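Q: Listed here are the chains, written in short residue letters.
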Amino acid sequence: AQSVTQPDIHITVSEGASLELRCNYSYGATPYLFWYVQSPGQGLQLLLKYFSGDTLVQGIKGFEAEFKRSQSSFNLRKPSVHWSDAAEYFCAVGLGGSQGNLIFGKGTKLSVKP
Amino acid sequence: SAVISQKPSRDICQRGTSLTIQCQVDSQVTMMFWYRQQPGQSLTLIATANQGSEATYESGFVIDKFPISRPNLTFSTLTVSNMSPEDSSIYLCSGQGDYGYTFGSGTRLTVV
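Here the protein sequences come in this chain order: A and B. For the first sequence, the tail end lands on 121 under our numbering, and the numbers increase by one without skipping. For the second sequence, the tail end lands on 113 under our numbering, and the numbers increase by one without skipping.
Calculated directly from the structure, the hints in this document are not laboratory data. In this text the structure is predicted, and so the values were computed from the model without any measurement. We treat Cβ as the ideally placed atom computed from N, Cα and C, and that holds for glycine. There may be inaccurate statements among the hints.
[As the list claims (entries may be wrong)] Cross-link-like lysine to aspartate or glutamate pairs, in silico, EDC-like; alpha carbons within 20 angstroms at most:
1. Lys56/A with Asp92/A
2. Lys120/A with Asp15/A
3. Lys75/A with Asp61/A
4. Lys113/A with Glu27/A
5. Lys56/A with Asp99/B
6. Lys113/A with Glu59/B
[Stated by the list, open to error] Between beta-carbon pairs, the in silico distance windows are:
7. Thr111/B with Ile16/A: 21 to 31 angstroms
8. Ser59/A with Asp65/B: 34 to 44 angstroms
9. Arg16/B with Thr62/A: 46 to 56 angstroms
[Unchecked claim] Some chain A residues flagged as far from chain B (calculated, every beta-carbon gap over 12 angstroms):
10. Arg29
11. Gly60
12. Leu63
13. Trp90
14. Ala93
Next up, chain A with everything else stripped away, as it sits in the complex (with noise of 0.2 angstroms):
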């Protein structure tokens, strides 16, 4: 079955200090790939997406992420956390077609120290 696992729960890093949450994912073909944030009480929003292509993806805030087909895993990184990136974070795995939905990891809290 597909699963995504992100095994860090909370990770508390310094402001201005750079940042790596961990994603991996169990599929047998390449999935689209999602990392969302959600702050306290807000929704979901898209930080970035893989479908195909170029393995380093950019997004929105600062972020990226990194596709590595042989680790299955679809990091995401940013150089300089501002406080304001403090939020819990959802990586994602969609299988498209028919089975539309998306499958998402425990997700990590970010804490974010002055």
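Since the structure of chain A is already known, use the hints to place chain B on it.
A: Just chain B now, with coordinates in the frame of chain A:
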């Protein structure tokens, strides 16, 4: 990308009652989905809302508890029936189109 208006944004309901959540999309989407996010948890798919026909439910979710309608390509409702405190969650709708996926802002439901 499409914009989804979801309402209500939050509600506090008595156990045993029902609540209907509405989602309106500003453009046609091919598929619509309903998710549940229990406190501190990730999103779990409840069902796929099919236009003009019965929704397709995931394991653990049944139509009697979560009836869903989708009368056209831009509108869907989810009803949480005979609520209990265990139904306290955030419920989100999602639309899939050529642009990818978009989500409503969620309905935060508290059952007392």
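Q: Confirm or reject each hint.
A: Verification of the supplied hints:
This hinted pair checks out: Lys56/A and Asp92/A have alpha carbons roughly 18 angstroms apart, not beyond 20 angstroms. Only pairs whose Cα atoms come within 20 angstroms are accepted, and Lys120/A paired with Asp15/A is accepted, the gap being roughly 17 angstroms. Taking the CA atoms of Lys75/A and Asp61/A, the gap is near 11 angstroms; set against the 20 angstroms cutoff, the hint holds. Pair hint Lys113/A plus Glu27/A holds up; C-alpha atoms about 16 angstroms apart against a cutoff of 20 angstroms.
Simply put, Lys56/A and Asp99/B have alpha-carbon atoms about 13 angstroms apart, close enough for the 20 angstroms limit, and the pair holds. About 18 angstroms separates the Cα atoms of Lys113/A and Glu59/B, which keeps this hinted pair within 20 angstroms; it holds. Taking 21 to 31 angstroms as the suggested C-beta distance range, the pair Thr111/B and Ile16/A conforms, at roughly 24 angstroms. For the pair Ser59/A and Asp65/B, the beta carbons lie near 41 angstroms from each other, so the given range of 34 to 44 angstroms is met.
A hinted range of 46 to 56 angstroms holds for the C-beta pair Arg16/B and Thr62/A, which are about 50 angstroms apart. Under the 12 angstroms C-beta cut-off, the non-interface status given to Arg29/A relative to chain B holds; the minimum distance is some 15 angstroms. Separation of Gly60/A from chain B is adequate, the least Cβ-Cβ distance of about 14 angstroms exceeding the 12 angstroms criterion. Residue placement check: Leu63/A keeps its beta carbon more than 12 angstroms from all beta carbons of chain B (closest about 18 angstroms).
The Cβ of Trp90/A lies farther than 12 angstroms from every Cβ of chain B, with a closest approach of about 22 angstroms, so its non-interface assignment holds. Every Cβ of chain B is farther than 12 angstroms from the Cβ of Ala93/A; the closest lies at roughly 16 angstroms, confirming the non-interface assignment.
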